[in-house]
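Novice: Each chain, written out:
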Amino acid sequence: MSSSEVSVANANQKVRPHPTQNEALLFEKSSPGKRACKLPPLDVPAVDAAALLGAAHRSRSAELPELSEIEIIRHFTRLSTWNYSIDLGMYPLGSCTMKYNPRVNEYVARIEGLAEAHPYRPDSLAQGILEVIGLLQRCLLEITGMDAITLQPAAGAHGEFTGILLVRAWHESQGNPRRKILIPDSAHGTNPASAAICGYTVETLKSNPEGGIDLEALTRQVDEETAALMLTNPSTIGVFESQIHKIADILHAKGALLYMDGANMNALVGKARPGDFGVDVMHLNLHKTFSTPHGGGGPGSGPVACKAFLEPFLPIPILVRNENGTKCAPGLDSETWESKNPDTPRVSLGWNYDRPQSIGRVRAFYGNVGMFIRALAYILANGPDGLRQTTEDAVLNANYIRSQLEDLFELPYKTPSMHEVVFSDKRQAARGIKTGDIAKRLIDYGFHPYTVSFPLIVHGALMIEPTESESREELDLFIAAMRSIAREVEENPELVKTAPHSTRVSRLDEVQAARKPILRWRPQP
Amino acid sequence: MRYLPNSPAEREKMLAAIGAASIDGLFAVIPAEYRLDRDLDLPRAHAESEIIDCFRAAGAKNSTDYASFLGAGAYRHYRPVIIDSLIQRGEFLTSYTPYQAEISQGTLQAIFEFQTMIAELTAMDVANASMYDGSTGASEAVMMATRATGRHQAVVAATVHPEYREVLATYTKFRSLPTTLAGYDRETGRIDLAALDAAVTQETAAVLVQSPNFFGVIEDIPAIAAIAHAKGALLVVSIAEAISLGVVRPPVEADIVSLEAQSFGVALSYGGPFCGVIAAKEQFLRQMPGRLVGQTTDSSGYRGFVLTLATREQHIRRERATSNICTNQALVALMATIFLSVYGKEGIRELAEHNLAKAAYAAQKLGSQPGAKLLFTGAPRFHEFVLQTEESPAQWSQRLLDQKIVGGIDLSRWYPELSNATLWCATEVVTREQIDTAAGALAARPAGA
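Residue numbers (this note's numbering), protein chains in the order written: chain B, 1 to 525; chain W, 1 to 449.
To give an idea of the interface, some chain B residues facing chain W are shown, with a C-beta separation under 10 angstroms as derived from the structure: (1) 63; (2) 129; (3) 360; (4) 469; (5) 520.
Hints in this document: simulated from the structure, not taken from any laboratory.
From the three backbone atoms N, C-alpha and C, an ideal C-beta is built for every residue, glycine too.
Using the sequences and the hints, build the whole thing.
Specialist: Next comes the structure, spelled out in structure tokens:
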């Protein structure tokens, strides 16, 4: 029997030897005349669409599935059971900060006045949502120690793009946009990709033996054509750049700026502020540090915060406070937000488009506002003490894992860890087992794998970020699983090499998927 | 600290296991002068009930009891209840990008279904897993055309959403990709084909149009495609109102389609998160930005799905990637997939026809009030129309607001040549009564005005 026959035959059976149920594609379940919707009767005259639209009328309907409501509920519920998630257990993807997504965030994001607000409604009818945006901006500025912010970017990479455009616009205002951006070899792939689309040449900065910035190399490479250094701090190996201010000084001495990728802000909130240690511009990931859900790959939100000298270049529009006809940046205080008294004179918030030096828009409207609501709810739930405790727990958890595994897994950098720890598969590779194999075997123990083979400076990296959301009990289970796998590598490497053994599908043929891409369903001829 | 699972005693035990004297010891690597020795100046920790109160108060200040004729790239449609029930399942909501395929088959299969539905609706061969939104998607589609053609100029219709055009200007600013604006016909509201023909050259990589365009008018896609293709340029069609595809002929002549799928069950949420997606002819697949899900088999021959063709992407190719996009709009794409399952083949057409009928009635009703007339009547429309009034919009809009109605949006901020013109939208959720009330308020000019 060929493999395609197996899959088709199987699609029609409800079960196979795995606790989750099988489920065909929506299109394979469809049959004509079924429907899951009913429209209310038209209260205006019906129109003849074909006559009204003429040549622009669609004659052949799109082949969308035809199903009843119960079938749709079961379809997506069954699919959901095939996913691992934070709600099921530890999800220690390094640099992804898979922390608990509080349910009250989901609740408040769906409050009608916020969820149903049209982006072009008059400012006078949008003061509630503008206050949410204003307070979140103030909170994020306080957390980062920066002076100005835009919430417009839709995700981290979009924030990088925006931040580097700010850098470029500022250099241009100084007479020379400059030519290159320095990026450490430990950086996430979005950094060089973002720099490139802003028209910069990317120059790689080799890490020092501790995995950090090599100050001598930096001094050598920074010149009058260097626009900025894009630095992740703590770095992707989870290490704080203790020489951070020297790094900033070296850059600033040559007129270059310091961009910080805030992917790892979960190690710093309430403990240290980038604005205090020399960063000129940075992005945040609300879907990492501030608990908005990843949703299987998005939506995210990537606010960009900067120092005052970059403020004129922020994307349009910016939120302003109108007081006595003057416009100023909103620093919405908690009392204004808390006030339930309708007689309290309120500030009026609005959008300002009159920004001649702005880099322009990076997105239509104002950003992923639904994510702003969730992030603010998270900040309010924690308060200053809760945010600090969160950071401390995230760092404590990572160091605990490190202490319990470093006898079995190679620790390529001995520098103190912050919120994540990066091991190498060096010892296991000697037995023919790679980081990817260990990751797959971890699935059999009920955990989502760590980040595999990243950062690139570590051979066969195992990048583990537990976040603060894990109890010691869950961490101990994870540690026990990793120790057990390390033993299996010695005693039964084949078991690890062929993992996972407990999932509804085994390892999938990625080569076949890429060689002959099947990217959509089509009816069988 | 209700989200934190460790007790003070457990923290102490863990510190002991690490061999650290105190939690501050773990932060000693941060130079002392940069360690924050105070509380952040933030609102105090709130109880869950207080958080809900705060956001309810904010929602109430947003005035929920207004009828609205606003559209312009953000559309109010009915959202079936099961969308929220399903996407709040933790397995969808709290999972990451499906890099570990064996434990992400739910998300992967749903994306595969999304790609299929979008390809069907747009009449393209393939669609990706999503982009941030329609504005960034259109910009990425133009970039994609430059890679596919090796050319470095673009022609953009003035009838493309002005904010989309602004985003494109930001994206192209530093990539030496000059863009030319092609004007519109003052009678039809469609792109001026003669102007377009003059603007397209042998250097043009892409012609970007929107249909239905910003005025709600459906463009003559076959004619535009003929002009673009005659000089070897690709046609990129942006669709801001996805529901239109239920009844409007899909842009089969296009090479790339950039769709904003917000209308498929996604809340307005003051402009985001929305859901962009790029669809294209098969031959441009390798130039596509963003994630793609493909079908394959596992070692036992069972069907399964994986992220594929990753060599286009930033985490492999770094500065030579097709785009820097990483996180996309996966959960919003899932909402669209559920929405399209609910409406299905016949429902989506019926829904689109209801929109057509509401807008036809509203346009006729509002356009026949004294001092008001419809612009761009020479071409078919979907559910938006442009109204020109003798009074300025500032004069009549307050009369509508007094009746708890938000009228059309003033176009002068983007099209100063159109005086007293407003863009109105009537979807299936607008009622005849609201349309009639709006018409009455519009007509109720004070004596002597």
